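K.L.:
Keeping their order, the protein sequence lines are chains D and B.
For the record, in the first sequence the residue sitting at position 285 is 285 according to the UniProt record's numbering, with numbers rising by one throughout.
For the record, in the second sequence the residue sitting at position 45 is 45 according to the UniProt record's numbering, with numbers rising by one throughout.
The hints are simulated quantities; they were obtained by calculation from the structure and are not laboratory data.
Mixed in with the good hints, there may be bad ones.
A partial selection of chain D residues facing chain B, derived with a Cβ cut-off under 8 Å [said to hold, decoys possible]:
#1 W99
#2 R301
#3 P305
#4 T310
#5 Y320
Listed next, the in silico DSS-like pairs over lysine-lysine satisfying Cα-Cα at most 30 Å (straight line) [unchecked claim]:
#6 D/K356 to B/K210
#7 B/K17 to D/K94
#8 B/K211 to D/K154
#9 B/K138 to B/K36
#10 D/K271 to D/K147
#11 D/K616 to D/K709
#12 D/K329 to B/K63
#13 B/K181 to B/K210
#14 B/K211 to D/K147
#15 D/K350 to B/K354
#16 B/K63 to D/K154
#17 D/K189 to D/K94
#18 B/K211 to B/K173
#19 B/K17 to B/K290
#20 B/K17 to D/K341
#21 B/K173 to D/K147
#22 D/K271 to D/K261
#23 D/K350 to B/K63
#24 B/K181 to D/K94
#25 D/K338 to D/K271
#26 D/K338 to B/K63
#27 D/K94 to B/K36
#28 D/K341 to B/K290
#29 B/K211 to D/K329
#30 B/K210 to D/K350
#31 B/K290 to D/K338
#32 B/K17 to D/K147
#33 D/K94 to B/K173
#34 B/K17 to D/K170
#35 D/K189 to D/K160
#36 B/K290 to D/K329
#37 D/K350 to D/K338
#38 D/K147 to B/K210
#39 B/K17 to D/K329
In this text the structure is predicted, and so the values were computed from the model without any measurement.
Note that the Cβ used here is the ideal one computed from N, Cα and C, for glycine as well.
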Amino acid sequence: MAGKKGKTPKKSVGGGKKPEVVQDERLQAIVLTDSFETRFMPLTAVKPRCLLPLANVPLIEYTLEFLAKAGASEVYLVCASHADQVSAYIETSKWNMPWSPFRVSTIMSLESRSVGDAMRDLDNRGVITGDFILVSGDLVTNMEFDKALEFHRKKKAEDKDHIVTMCLSKASQFYRTRCHEPAAFILDKSNNRCLYYQDIPLASSKHKTSLAIDPELLEDVDEFTLRNDLIDCHVDICSPLVPAIFQENFDYQYLRRDFVKGVLTSDLLKKSIYSFITDEYAARVESWQTYDAISQDFIARWCYPMVLNTNLLDDQTYSYESEHIYKEKDVVLAQSCKIGKRTAIGSGSKIGEGTKIQNSVIGRNCYIGENIIIRDSFIWDNTVIGAKSLIEHSLVASGVKIGSNVILNDGCVIGFNVMVDDNMEIPMGTRISETPVRKKATQFSDSASYEDDETAKQDESTKVISPAYELVGTDGVGYVYDSDKAEDDDDASVIDVVTNSLTYKFDDLYLSDDSISSTAGKRKKKRSMSTNSIYTDREGDDYEDDEEDEEDFAVEAIATVERAMENNHDLDTALLELNTLRMSINVSYHEVRSATVVALLRRVYHFIATQTLGAKDAVQKVFSQWGMMFQRQAFDQEEFVDLSNLLLEKVVAQGFEKPEFILFSALTCLYDLDILDEDAVYTWWDQVSQEEKYSQAKTLTAKWIEWLKTADEESSEEESEESESE
Amino acid sequence: MSSDINVTVASFIDRLKRRQIYGSYQVSLETLQLLKRFVSAARWTNINDLISQLRALGSRLAKAQPTEFTCGNIIRRVLALIRDEVEEEIASAMVQNNAEPMISSMFSLLQKPVATPSQRSVEHPKADIRQVIIQGIKDLIDEIANIDDGIQQIAIDLIHDREILLTPTPDSKTVLKFLIKARERNNRDFTVLVSEGFPNNTHVAHQFAKKLSEHGIETTVIPDTAVFALMSRVGKVIIGAKTVFTNGGTISSTAGVSSVCECAREFKTPVFAVAGLYKLSPLYPFDIEKFVEVGGSQRVLPTMENDRVGNHNRLDTVNPIADYVPPENIDIYITNIGGFAPSFIYRVVWDNYKQQDVNLEAN
Numbered sequence: 001m002a003g004k005k006g007k008t009p010k011k012s013v014g015g016g017k018k019p020e021v022v023q024d025e026r027l028q029a030i031v032l033t034d035s036f037e038t039r040f041m042p043l044t045a046v047k048p049r050c051l052l053p054l055a056n057v058p059l060i061e062y063t064l065e066f067l068a069k070a071g072a073s074e075v076y077l078v079c080a081s082h083a084d085q086v087s088a089y090i091e092t093s094k095w096n097m098p099w100s101p102f103r104v105s106t107i108m109s110l111e112s113r114s115v116g117d118a119m120r121d122l123d124n125r126g127v128i129t130g131d132f133i134l135v136s137g138d139l140v141t142n143m144e145f146d147k148a149l150e151f152h153r154k155k156k157a158e159d160k161d162h163i164v165t166m167c168l169s170k171a172s173q174f175y176r177t178r179c180h181e182p183a184a185f186i187l188d189k190s191n192n193r194c195l196y197y198q199d200i201p202l203a204s205s206k207h208k209t210s211l212a213i214d215p216e217l218l219e220d221v222d223e224f225t226l227r228n229d230l231i232d233c234h235v236d237i238c239s240p241l242v243p244a245i246f247q248e249n250f251d252y253q254y255l256r257r258d259f260v261k262g263v264l265t266s267d268l269l270k271k272s273i274y275s276f277i278t279d280e281y282a283a284r285v286e287s288w289q290t291y292d293a294i295s296q297d298f299i300a301r302w303c304y305p306m307v308l309n310t311n312l313l314d315d316q317t318y319s320y321e322s323e324h325i326y327k328e329k330d331v332v333l334a335q336s337c338k339i340g341k342r343t344a345i346g347s348g349s350k351i352g353e354g355t356k357i358q359n360s361v362i363g364r365n366c367y368i369g370e371n372i373i374i375r376d377s378f379i380w381d382n383t384v385i386g387a388k389s390l391i392e393h394s395l396v397a398s399g400v401k402i403g404s405n406v407i408l409n410d411g412c413v414i415g416f417n418v419m420v421d422d423n424m425e426i427p428m429g430t431r432i433s434e435t436p437v438r439k440k441a442t443q444f445s446d447s448a449s450y451e452d453d454e455t456a457k458q459d460e461s462t463k464v465i466s467p468a469y470e471l472v473g474t475d476g477v478g479y480v481y482d483s484d485k486a487e488d489d490d491d492a493s494v495i496d497v498v499t500n501s502l503t504y505k506f507d508d509l510y511l512s513d514d515s516i517s518s519t520a521g522k523r524k525k526k527r528s529m530s531t532n533s534i535y536t537d538r539e540g541d542d543y544e545d546d547e548e549d550e551e552d553f554a555v556e557a558i559a560t561v562e563r564a565m566e567n568n569h570d571l572d573t574a575l576l577e578l579n580t581l582r583m584s585i586n587v588s589y590h591e592v593r594s595a596t597v598v599a600l601l602r603r604v605y606h607f608i609a610t611q612t613l614g615a616k617d618a619v620q621k622v623f624s625q626w627g628m629m630f631q632r633q634a635f636d637q638e639e640f641v642d643l644s645n646l647l648l649e650k651v652v653a654q655g656f657e658k659p660e661f662i663l664f665s666a667l668t669c670l671y672d673l674d675i676l677d678e679d680a681v682y683t684w685w686d687q688v689s690q691e692e693k694y695s696q697a698k699t700l701t702a703k704w705i706e707w708l709k710t711a712d713e714e715s716s717e718e719e720s721e722e723s724e725s726e
Numbered sequence: 001m002s003s004d005i006n007v008t009v010a011s012f013i014d015r016l017k018r019r020q021i022y023g024s025y026q027v028s029l030e031t032l033q034l035l036k037r038f039v040s041a042a043r044w045t046n047i048n049d050l051i052s053q054l055r056a057l058g059s060r061l062a063k064a065q066p067t068e069f070t071c072g073n074i075i076r077r078v079l080a081l082i083r084d085e086v087e088e089e090i091a092s093a094m095v096q097n098n099a100e101p102m103i104s105s106m107f108s109l110l111q112k113p114v115a116t117p118s119q120r121s122v123e124h125p126k127a128d129i130r131q132v133i134i135q136g137i138k139d140l141i142d143e144i145a146n147i148d149d150g151i152q153q154i155a156i157d158l159i160h161d162r163e164i165l166l167t168p169t170p171d172s173k174t175v176l177k178f179l180i181k182a183r184e185r186n187n188r189d190f191t192v193l194v195s196e197g198f199p200n201n202t203h204v205a206h207q208f209a210k211k212l213s214e215h216g217i218e219t220t221v222i223p224d225t226a227v228f229a230l231m232s233r234v235g236k237v238i239i240g241a242k243t244v245f246t247n248g249g250t251i252s253s254t255a256g257v258s259s260v261c262e263c264a265r266e267f268k269t270p271v272f273a274v275a276g277l278y279k280l281s282p283l284y285p286f287d288i289e290k291f292v293e294v295g296g297s298q299r300v301l302p303t304m305e306n307d308r309v310g311n312h313n314r315l316d317t318v319n320p321i322a323d324y325v326p327p328e329n330i331d332i333y334i335t336n337i338g339g340f341a342p343s344f345i346y347r348v349v350w351d352n353y354k355q356q357d358v359n360l361e362a363n
């Protein structure tokens, strides 16, 4: 931690002119390939979001193209779910070729369950050297990044505490790609410094609230603007301090809701965040609706000069024709078929006689039969669609087979390799996947419960999901995926329905927000993930560092606890400090307990040595006040045993005159505080070390345990007597 | 071929695609630099080998950015240069051959006469031809770098005192220098009308007008819609060409030039097109639609005001960023080697390119 703080002044000194030239040469970029959301289920059960094709180009390509244009020299892709697929893709892509404009490497951050975790992981790996771009892997933009970077550097020269520049783009009220995390930004009118950030719920949500602004925040500001018309496309230019701040605040999960808000409202950090507002096209593919909107915009050349006929992938051969029609070579069109405007067709696809296609994207090697009508839809690679079908505003993923005379109504999503039999009609907004997708496990990320499929099937043996034969027909293959969030509150499900659906009928609902006062509320996103377990899991990852870290940690942690006791901090503060320390050095709870025990015993020793208190009183005083700390440091039987062992060990190590007395008092004290229960004590006693040096210390405790046991028996006897008498 | 040059070529293509290299002047110079490296790194056993390698490179570049014709032009120029060199050698070899006493044998009659000269060229030391090609490329670089001087020499005599000129291509640096030179050298007093070129060139047009006025030229910015109304007063229309095809038609770098030229024809106003020699292309504009690039919609409607909500998205935008002007609407081309009528352009083209290199893909 000390090391990290040491960076701070260096950084701000580096705000001058010359060091920036050096930074200029090595612009790093972090791409978060995982969105930590489930909006694209069931497709994301099989493929990560960033590899889903938008207009026949995998989403990640758009982001990488943007970075190439922005002049990044090192790109790190942080992968969580489907990390293997992402890294396999990158390895074979043109970005891994020697002529790639930047060096690309993937970071496997499999344990990450949120942006916050990913950032902490980054910090642990120490890849960040200078200012970096933080983007998500689903960004589509033609933003001129130079201007943003220039803005960032200018502001940095002016304001030493400047850590993040957020790139936002203006939107009109009903614009389709307005994001699903609407937010209000309060900006200083004179220099675009962000004063406050608050996420507001969707207009459709039932919760309404107002913005609560701390007047202190607005103290030195002459004029400010309050805006909720900004598309937050999550392009941030961050200083290396940002991952460190995440590290220090281990409860931050979201970049905006937690981090930005936290930094802005924090009295301690005194950092500032600026926002760069651009007019150019910038949007994230974060839901079906934005997918739909961005795809259409891309086809209609709103993102020029990034257009389909620049052929982002090396093997693409798109050429442009009037009315925004793009065709690759080797497309076979029947004489009487009609290709309407805003359509793209991939190579090797065949379109049959009398078929009408409009405002759609057709992938490669698709076979589309006769007399079909396809409107506003997305057909991915290698699909077969039988004659006389009608596909309206739906998404058909790769490898799907659709029989003849099938009707796909508004908003259907047909997952990979699903087969739909002849003469079926699929109702509005249905989502079908090839295999049943377990819902519970996928709540936090796009992540794969896929490998858990076996277990998923077993788990659900109680409520077996049967193939949706009524939808896909008797020869079909497919299961209905419905994101039933019935267990959540209404609000979440409304958000879910609204943001998750491709259908048109929600468009108006979702897009209207009349005034900011009518919108607000708290978000019921699941945030219950335990950061703790993730970190303890990571033990032993890098073993060599750990040992050093542990030593550092012990010294620091003991100092922390001692400080807390001396200055009489409250318990929570002490715990928070300890926890922060634990997070930053990345050690397990064992070390925390050990440090705490040592600190407490030293205190006791101090009291006894200075003869302020007798042995028993001293223990009583220290442990009754501070013993509660263990409650938040040990959680199960094993850990309690560990705690007791530590006590024994440290009592002996401390060299008290009467170790048996100290140990006994400490244990009884913890027992009285309900931290140790009988079972824990017994288990510990059963396996306690029999070494010679501990024998003295154990004498009194042995008696106590015997007493406990008899007391226990008595009470149980009493109980049984009572029950008998009843 | 070494992997090093492959990397250079691939990154050049990437930059071309990403439009990090744009504008015919920059593209031409960068292409020449690339060719220089390519030729010095290339290995070939036969000069035809090198030619086919260059043709392959040319078609790759053309595919990367189909509307950037300069790449293709430059490569074709270099190919023509090589072919000329080869021909010269063959010719000299023939002279030598002829000098040799004829062997009166029946066998020689059955031999293929063509085989001899090509074998001859193989015998020729390779470093030599490489040197010649690289020197040729250097000469081309010089030519292109000094292209404006050549044009300006001619320009001066074309502009008269108290004339009103109209230019719809404010992004052309050649036009800008041309006008400034005319003002400075001859101290002519003339007025320039600059059409605004909404939406893609508005900003450029304003900059252009500002620069002209800074040089003491009386300048007026007019909206595109006023062109017809003002045409009766205009003495000459000056346009910058992006590409000139064999038929004498041109792709201009700004949309709307075609309609300006149409207006000019209506009023019998002469249209001057200024173009460097490297902009002449041996292609024929069969499919004009393919040659006219379509730009971004966001310029037409402000980016985020696109309100196409739901399935009633009837609103559409098209924004071509170039324009094709047919040869009959242009009176004269002013190049660095002189002024030519559009009908004469094909002659100039065949002076500089070889017929067999028009289609780079065919073998």
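K.L.:
Hints first: check each against the structure and report whether it holds.
P.N.:
Status of each hint after checking the structure:
no.: 1; hint: W99; verdict: 4 Å, holds
no.: 2; hint: R301; verdict: 5 Å, holds
no.: 3; hint: P305; verdict: 5 Å, holds
no.: 4; hint: T310; verdict: 5 Å, holds
no.: 5; hint: Y320; verdict: 6 Å, holds
no.: 6; hint: D/K356 to B/K210; verdict: 51 Å, violated
no.: 7; hint: B/K17 to D/K94; verdict: 14 Å, holds
no.: 8; hint: B/K211 to D/K154; verdict: 28 Å, holds
no.: 9; hint: B/K138 to B/K36; verdict: 8 Å, holds
no.: 10; hint: D/K271 to D/K147; verdict: 22 Å, holds
no.: 11; hint: D/K616 to D/K709; verdict: 23 Å, holds
no.: 12; hint: D/K329 to B/K63; verdict: 13 Å, holds
no.: 13; hint: B/K181 to B/K210; verdict: 16 Å, holds
no.: 14; hint: B/K211 to D/K147; verdict: 24 Å, holds
no.: 15; hint: D/K350 to B/K354; verdict: 39 Å, violated
no.: 16; hint: B/K63 to D/K154; verdict: 40 Å, violated
no.: 17; hint: D/K189 to D/K94; verdict: 43 Å, violated
no.: 18; hint: B/K211 to B/K173; verdict: 11 Å, holds
no.: 19; hint: B/K17 to B/K290; verdict: 17 Å, holds
no.: 20; hint: B/K17 to D/K341; verdict: 25 Å, holds
no.: 21; hint: B/K173 to D/K147; verdict: 25 Å, holds
no.: 22; hint: D/K271 to D/K261; verdict: 11 Å, holds
no.: 23; hint: D/K350 to B/K63; verdict: 24 Å, holds
no.: 24; hint: B/K181 to D/K94; verdict: 47 Å, violated
no.: 25; hint: D/K338 to D/K271; verdict: 58 Å, violated
no.: 26; hint: D/K338 to B/K63; verdict: 27 Å, holds
no.: 27; hint: D/K94 to B/K36; verdict: 25 Å, holds
no.: 28; hint: D/K341 to B/K290; verdict: 17 Å, holds
no.: 29; hint: B/K211 to D/K329; verdict: 46 Å, violated
no.: 30; hint: B/K210 to D/K350; verdict: 54 Å, violated
no.: 31; hint: B/K290 to D/K338; verdict: 20 Å, holds
no.: 32; hint: B/K17 to D/K147; verdict: 21 Å, holds
no.: 33; hint: D/K94 to B/K173; verdict: 36 Å, violated
no.: 34; hint: B/K17 to D/K170; verdict: 27 Å, holds
no.: 35; hint: D/K189 to D/K160; verdict: 19 Å, holds
no.: 36; hint: B/K290 to D/K329; verdict: 14 Å, holds
no.: 37; hint: D/K350 to D/K338; verdict: 13 Å, holds
no.: 38; hint: D/K147 to B/K210; verdict: 24 Å, holds
no.: 39; hint: B/K17 to D/K329; verdict: 19 Å, holds
Consistency with the previously given hints fails for numbers 6, 15, 16, 17, 24, 25, 29, 30, 33, ordered from lowest to highest.
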